Every structure is written in structure tokens, then in C-alpha cells.
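Novice: Spelled out, the chains give:
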Amino acid sequence: MAFHWSATLTAGAYTPGTLAKVERETTVGEGTLREFLHDMLLIRRFEEKVEERFRAGELPGFLHVAIGQEAVAVGVCRAMEEDDIFASTHRAHGHTLARGSNPRRVMAELYGKVEGVSHGYGGSMHLYDIERGNYGANAVIGGGLPAVTGAGLAFKMRNEPRVAVAFFGDGATNIGTFHESLNLAQLWRTKTVFVCENNHWAESTPGWQHSPVWDDMSKRALAFNMRSIKVDGQDVEAVYAAAREALEHARSGEGPVFLDIPTYRMHGHYIGDPQVYRSKEDREAAAYHDPIPRLRERLGLSDEEFDAFDEEAHRVVDDALEFAKNGTDPKPEDALKNVYA
Amino acid sequence: MPEVTYREAVRDGLVQAMRADDRVFIMGEDIAEMGGSMGVTQGLLDEFGSERVRNTPISEMAIVGAGIGAAMAGMRPVVEIMYEDFLTLSLEQIVNQAAKHRYMSGGQITVPLTIRTQGGAGWSPGAQHAQQLEAWLVHIPGLKVAYPSTPQDVRGLLWTAIHDDNPVVVFEHRLLYPVKGEVSEQLEPIPLGKARVVREGTDVTVIAIGPLVHRALEAATQAEEEGISVEIVDPRTLQPLDEDALVASVKKTNRAVVAHEAVTRMGFGAEVTAVLQHQAFDYLDAPIERVGAKFTPLAFAPVMEQYVVPHAEDVLAAIRRTVGK
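One line per chain: the protein sequences are A and B, in this order. Quick note, the first sequence lines up with residues 1 to 341 if you use the working numbering. Quick note, the second sequence lines up with residues 1001 to 1325 if you use the working numbering.
What the hints contain is simulated information worked out from the structure, not anything from laboratory work. Predicted model, so just to flag it, every value in this text is computed and none were measured. Treat the hints with care, as some may be off.
Unchecked claim - 20 Å max Cα-Cα, derived SDA-like pairs, lysine to any residue:
id: 1; chain 1: A; residue 1: Lys337; chain 2: B; residue 2: Gly1107
id: 2; chain 1: A; residue 1: Lys337; chain 2: B; residue 2: Val1138
id: 3; chain 1: A; residue 1: Lys337; chain 2: B; residue 2: Tyr1103
id: 4; chain 1: B; residue 1: Lys1194; chain 2: A; residue 2: Tyr340
id: 5; chain 1: A; residue 1: Lys331; chain 2: B; residue 2: Tyr1103
id: 6; chain 1: A; residue 1: Lys337; chain 2: B; residue 2: Ala1248
id: 7; chain 1: A; residue 1: Lys337; chain 2: B; residue 2: Gly1193
id: 8; chain 1: A; residue 1: Lys337; chain 2: B; residue 2: Pro1141
id: 9; chain 1: A; residue 1: Lys337; chain 2: B; residue 2: His1139
id: 10; chain 1: A; residue 1: Lys331; chain 2: B; residue 2: Gly1107
id: 11; chain 1: B; residue 1: Lys1251; chain 2: B; residue 2: Arg1290
id: 12; chain 1: A; residue 1: Lys337; chain 2: B; residue 2: Pro1240
id: 13; chain 1: A; residue 1: Lys49; chain 2: A; residue 2: Tyr340
id: 14; chain 1: A; residue 1: Lys325; chain 2: A; residue 2: Val114
id: 15; chain 1: B; residue 1: Lys1252; chain 2: B; residue 2: Phe1281
id: 16; chain 1: A; residue 1: Lys337; chain 2: B; residue 2: Gly1324
id: 17; chain 1: A; residue 1: Lys337; chain 2: B; residue 2: Thr1110
id: 18; chain 1: A; residue 1: Lys337; chain 2: B; residue 2: Asn1096
id: 19; chain 1: B; residue 1: Lys1251; chain 2: B; residue 2: Leu1187
id: 20; chain 1: A; residue 1: Lys49; chain 2: A; residue 2: Glu312
id: 21; chain 1: B; residue 1: Lys1194; chain 2: A; residue 2: Ala341
id: 22; chain 1: A; residue 1: Lys337; chain 2: B; residue 2: Ile1140
id: 23; chain 1: A; residue 1: Lys325; chain 2: A; residue 2: Gly112
id: 24; chain 1: A; residue 1: Lys337; chain 2: B; residue 2: Val1095
Given only the sequences and the hints, what does the whole structure look like? Please build it.
Specialist: What follows is the structure, given as C-alpha cells:
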């Protein structure tokens, strides 16, 4: 059966261009695309550095990288307005950085420092940054979906032009909070966008083993009569356009939107995951769909131009690392703070 | 002072909070047209409309979770879980989400959410509609838990819960809804974490919550006839707990009984007992007695149900044991 999975994927089930069926105007200019590349490279180099430092034994806790999924984070987060909010998952570095949190403070959080975005109380799986609309990365699969629905309800009740966005993976579509949240959101037409990053893996379990609609998550939305938009998650321009459309629909009060975004997890579930469950072909297929070379090609960048982007990303990441390592350790007894408001 | 039922007092607390603040709204199963399974929210739909009085699907995770999100986004929701047995369905949202957002965010987030629920035995609802689960939630840092026993207390504590910046779970009891009691003309907010001396006495302190406060009053009247002077203290809030008030009373009477309807094993009384033995050890003249349900689910047949849950006679028997009678 593992063969079935790999064969389906490499056969090009997600051929770019066939997914975004809805005609839409793309207003992204080259300058904006260059900014997207900047962000995607920053996330990539940031996460590669995190992998490196984890393996060096410097980082405590669990760490999950979203290498290969950068176009989803950047496309969606760049489409959000300043006052929009979101909730993320255990795989949250990309969303957090794409939304504009300071890389220094994100890295400091991974090191458990006071300067971290959650002041050392959260870690990689609980990145929060209210000023950047980040209402929390959640380490319980589907755990944040009801809250995003409720925030979208609050925006609707107060008639505010704001949207609450939930990121989650395909694995989350099997948990009760997913179904209860989508049902309630559609019923009450909350200002919510549900972003399903379908990387086809629930930890080590492939989509075909965990969901009867693993290759077409839009069917989940259909069950709730919710509008859905399917878009190729490796094409940042398309993700951005789809996210704009979804956000404006939700913002207008017409109801929530389900963004069905097939993508590829190029690395393991967690850093250090030997991926014994995954075929070589499948890993190669994921690498083949790397969104960064694709955007580079779209922009027609020369080696020199691309290297300039890359050097900038490395510089920011190195600076963030330096900042984090020199950060302030919390006092042990600070553990007793922030339990109650 | 006017006399109202516990049910009317809860309703009045909700109405006054909703009139005072647009951010307060309520949601839960069957709370709108039907007025709630216990009739608590009758009339609220007419006054406040369907935007602020929301019938929900049967989705306990989403009811609590949407309340969390609305609270984080600046509202002050009051959600109703029809029976506390159904808290089990929403427990992930209560324990992992509501209780921890503030902490995990390093203090960036507040979750001013109130969760009302009710339960209890005494009318044969069976094993899935009669449990008392308050102790579970007292075990979770980040939550506050109240269990008011009178109309005055429930109105004042509910008001405070709604205006508190933390998630607060308010337990009501099915059998208390028709119970009448005096309430002040003006709503008097009652601070969370403040116990009330229900009855003064000198020989033994009964620390009771919920319906057991009323059972303890019956027992105290009987004990009085036997020459035993009983003091009753109702913590009212289980977290934060007014340890000082409980300890002060026991230091005065030198004997203690703790009483609740939940099963004795790992019940709230176990915690109170630990607090008392630690802080009033030298003052105790007798082992602390515990009164609670027997360790079994609640049966349907009324005779079995009544056998399981504690009554006034059980409290009285415990009182007698503490004084060696």
C-alpha cells in the first residue's frame, strides 16, 4: 500500500495549474513576489538552522519544521490584513515569521528565553505574538479551531472588518473539533478562514491511511455547505490570490471559507524523525515540488540575484541565533507567574 | 429582602450582566426558545435577541472553544454545558486551551470565559446525568471554580465570574434550582475565593458545598437538640480556596467534617482535609470526617440512587463521630 501512496503522488495528482479552478485576478507584482521569496527563504534558512541547533543539542523540547510548506505560510499570512488574527499548529515557525514576528524573538522562544515571543512559557509548539495577530500555536491537533471560530464570531457580532484564520493539517480533519468548528462557523457565518495544509501526512500516517477523502479535502467543506477554494500550495502567487479571495469573502460576512491547500512536507514529522515509514520516491517527490526554486524560476532570477536573497536570509537567521543565545534565562520561580490574570 | 429561587437568581445574574455590558452573551444547547433544559434562561431571548442568546448545535467542544475564542477576541461569553457529565466532551478545550492560553503566551492573552453547568443526583437521571465532577477542574491550574449553594451566592458569584479575566467554571445543582432564599435588592458581587460562615457553632465545623450545605443545616439542627453546636462553612469558591476561613473555623471548634455529593475518593473534601491537617494539626481533637457519595456510578432505581448519595443523616453521623457520640 505504501507503493500506492507514492505512485499516486509522483503521478502528479496535484499538477500545478489544474487546482485553482476559480478564475481570479492576480494583482501581485514582481516586487511583491520578491518579498514573498525573501520571506520564504527566511523561513527555510531559519528552520534549517533550528534543525542544526537541535541536532547539536542546544534546543529543548519537540521541534517540527515545515520545510516545503513555506508558500502556504507566506501566501496566506501576506494576504491577511493588519487586524486579522490566526491560530497555528505545532508546525508554527513559518506562519509566525510570515506574519512578521521578529525572527530574533521567535528564535529566542525556541531557546526558552525571556525575550521570546511567549517569554519562554510556550516554546516552538506554543508561539504567540498578539501584536502580530498570532493567538497561539496549538500542540493539540485541531485544538485551536473552535477558538478561531469563536474569534470570527466576535468579529461578526461587533461588525468588525476582521477575520480569524485557522491553520491545520490534513491530520486534523479527523478530530471532533474540526467538524464541530466547521459546522458552527458555517451555521453562524463567522468571519473565519480554515486553512487546511494538506501535506498528506498525519505524523507518520499517510493520508490514504487516515482519511477517505485524503486527496480531496474540499469534500470535508462540502459536508458543511461551506465554500472551499482549492489551490496548489507550492505556488505562492496562487496561494496568495486564493487567500485574498477567502479572506474578503469571510470579511464581508458572507461566511467562512475552507482553503484546501495540498502541499509537501519535505522533512520528517519532527526533527530527528528517521522517516522509516516513508519511501525514497515519496521524499524525492516532495523535494521535486520545493516551492522556492519554483518561485525563483517564476522571477527569472540569476544566480547572483538569488544568492543575494539567500545571503540576506542567512544574515537575519544568524543574527536571530546570536540574539537568542545571548537572551535572558527566566528565573525558575517565574514558572509560577501568568497562571491567572 | 426579596426571596427568589436559585433558578431566578442565576437568571437575574445573567440578565443584569447582559444589560450592563454588550460584550456579555450566552450560548449553549436549547437555551433560547426553550430557555434551557432547567429553565434558567427563559425570557432572555425575548430581551436580548438571537445574536446574544445563541442556541448551539450539540457540540460541547465547539461551545466551549468558541467561547474561548470570543473571549480572547474581547467578548465576555457565558457558555452553558447542559449537564456537567457533558463537560467530559469539552474537557480538552477547558483543560488544554482555556486554562493555558494565558500561561503559554507568557501573559499576552486573557480568557474571560464563564462556563455554567449543572448536575447532581436526586431525581433518578441515571449514571450519565447525575455526576458531580467539580474536583476534576479544581485540579487544573489556570481555572477558577465556584459552586454556589444559595440564590444570593449564585447571583453574586456569577456576576464576579463574568467580570473575571480568567476562565471560571460555575457549578449549579439540579435540586437547588427551586430552592428559595433571600437576595439583596441590589446585586452584590461576591469575590471569588471568599468563604461564608453559614451557621455559627462551637463544637465542630462542617465544611460543605452545594446541596450538602442544606443537608448540613438539617444535620446541625438535629445535632443542636443533642447538645452539639455545629458551625457550617461554605467555601463557595473551590479555586481559589479561602483556606484561612476554613482553618480559622476549625481552630475554633477543633473538629471538622467535610461534605459534598461527589464520591468521597479524590473528592474536593480530600483537598480540604489535607489543608486542615497541615494548617490546624495541633488544634484537631478528632480525625477529620469525610462525607460523600459511595464509590459507584449513580444507579437509576431511586432506592439505589438514594443509597449512594449522602444525606443529612450521613452528615449527622459524621458530626457525632467527631465528638465521640
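Novice: CA of Lys337(A) to CA of Asn1096(B), is that 20 Å or under?
Specialist: holds, 17 Å
Novice: Can the restraint linking Lys337(A) and Pro1141(B) be considered satisfied, given a maximum Cα separation of 20 Å?
Specialist: holds, 11 Å
Novice: Against the 20 Å threshold, does the CA-CA distance of Lys337(A) and His1139(B) hold or violate the hint?
Specialist: Holds: Lys337(A) and His1139(B) sit about 17 Å apart, inside 20 Å.
Novice: Holds or violated: Lys1194(B) and Tyr340(A), Cα atoms, limit 20 Å.
Specialist: holds, 17 Å
Novice: Run the distance test for Lys1194(B) versus Ala341(A): straight-line Cα separation, threshold 20 Å.
Specialist: holds, 18 Å
Novice: What's the verdict on Lys325(A) and Val114(A), does the C-alpha distance respect the 20 Å limit or exceed it?
Specialist: Within the cut-off at roughly 11 Å; holds.
Novice: Given the hinted pair Lys331(A) and Gly1107(B), is their Cα-Cα distance within 20 Å?
Specialist: holds, 16 Å
Novice: Holds or violated: Lys1252(B) and Phe1281(B), Cα atoms, limit 20 Å.
Specialist: Holds - the C-alpha atoms of Phe1281(B) and Lys1252(B) are around 13 Å apart, at most 20 Å.
Novice: Regarding the pair Lys337(A) and Pro1240(B), is the alpha-carbon distance no greater than 20 Å?
Specialist: The hint holds at about 15 Å.
Novice: Within 20 Å, alpha carbon to alpha carbon, are Lys337(A) and Val1095(B)?
Specialist: holds, 18 Å
Novice: Hint check: Lys1251(B) vs Leu1187(B), CA-CA at most 20 Å. Holds or violated?
Specialist: violated, 33 Å
Novice: Are the Cα positions of Lys337(A) and Thr1110(B) separated by 20 Å at most?
Specialist: Holds - the C-alpha atoms of Thr1110(B) and Lys337(A) are around 14 Å apart, at most 20 Å.
Hint check: violations occur at hints 6, 13, 16 and 19; the rest are consistent with the structure.
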